[in-house]
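If you read the protein sequences in the order shown, they are chains A and B. Take 1346 as the starting number for the first sequence in my numbering and just add one per residue. Take 1346 as the starting number for the second sequence in my numbering and just add one per residue.
These aren't lab readings, by the way, just hints derived from the structure by calculation. Keep in mind the model is a prediction, meaning the values are calculated, not measured.
Result set (DSS-like, lysine-lysine): computed pairs, CA atoms no more than 27 Å apart in a straight line:
hint	chain 1	residue 1	chain 2	residue 2
1	A	Lys1522	B	Lys1543
2	B	Lys1522	A	Lys1543
3	B	Lys1522	A	Lys1522
4	B	Lys1534	B	Lys1522
There are 2 protein chains.
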Amino acid sequence: MTGQPARSLGTLYGVGLGPGDPDLMTIKAHRVVTTAPVIAYFRKRGKTGHARTIVSEMLGSKVVIEIALEYPVTTEVAFDDAEYIEPIRNFYAQSATRLSTHLDNGEDIALLCEGDPFFYGSFLHMYDRLRQTYPVIVVPGITGMSGCWTAAASPITYGDDVLTVLPGTLSHDALLKSLRATDAAVIMKVGRNLDKIKKALTAAGRFDEAIYVERGTMQGERVMPLANLESSPAPYFSIILLPGGRGRRIT
Amino acid sequence: MTGQPARSLGTLYGVGLGPGDPDLMTIKAHRVVTTAPVIAYFRKRGKTGHARTIVSEMLGSKVVIEIALEYPVTTEVAFDDAEYIEPIRNFYAQSATRLSTHLDNGEDIALLCEGDPFFYGSFLHMYDRLRQTYPVIVVPGITGMSGCWTAAASPITYGDDVLTVLPGTLSHDALLKSLRATDAAVIMKVGRNLDKIKKALTAAGRFDEAIYVERGTMQGERVMPLANLESSPAPYFSIILLPGGRGRRIT
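Isolated chain A, as found in the complex (with noise of 0.2 Å):
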């Protein structure tokens, strides 16, 4: 009943890189990174790419095969928009195929992840993708709002502390809801929100409290409390704290 043994499949590692500093990646991910035949990035189209700069020392001159995927929108268009779904999905589609060619040979790929894979981020469309299929492996790296709040210098949570992680995208009530209802928060995706997001700290009664990371953990980091804050929009790699431990008992 034993046919030919099959072929066996390679393994998606989905790699968190963490915040963007190099030294800040774990000694797993290090090894992932440097010991993979085949390394795989998301980017926009004709840039390096951030996932692909934070690996470039540690791979030196060490040849691999590079496999960058290049998002064929940006975020110029808005994110429900029926223009921006239909060719993003067939990108995700298309990319799959991509990587499958890979596994389907027995070649293991590291697909770069900034942050932590399983926090937002476009790996989740892989992994939903061919998990089925592949052996998948994912090496979890500290996330771009933890680099962000130790570049602060910020404790973000303390004792019983709620944390709510929030999408600038959000509508001003639904911040304002969650703002009130909250002792910290990050809020992400802050870019051309952030008007829309100051007005909602205010009227929760917290913008004085609020700090603005900019690039954290990157080079030209920019960190400052969000009221001092001048220019409009943000860039993409921006991001606001709300720290909690106002109702600490221990002090």
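Chain A is fixed; fit chain B onto it per the hints.
Just chain B now, with coordinates in the frame of chain A:
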């Protein structure tokens, strides 16, 4: 006008160790732990301590000064109990003094922190007491919750999901209100709050989605649907995950 050069102070490193697997420590954390002349960590009286256990192999027989900061009380006493507050306040003050002695002497200290130093935990009490006087460098780490959702092979947030991190110590009504307002949730400090948490998840209509993780990425790890968990109370190192992604548009 120049007098004696001031004796240089030691630096306090708050070192995030990540969720438990030593391979999930960062390269930076590994370097600080293996080079610092003084290692400090919190632990329960009479135990080795989880933080110390994580670094045991990498320290090997290297001779370092070790400072074990032993909690005078355990979680047996309620957190807002006066019987708890007073001894723990004294304990933190004495711990800060013990660390100061070495820092005044010019010795760097690696204070080991499970997870991420700025995300809950006892390090914050040392940070608040010592950062005005001594140089402090925080090395972020992978949070315990990130280790848990990786162990569960369960992405926690997609796209524009809201994530809420809740201590299980909250009241039933507070838990329910937060669960109703979020896409994804992480419930920490499960322990003897398990039955209350189950009721809140049921009232929010999300009991069947909840995942129970015990000792994520550590020896003795257990992952299962919360519905399959029979024992109560749960141990201290347990967490409940409510994954997001319900409203994702691109599949």
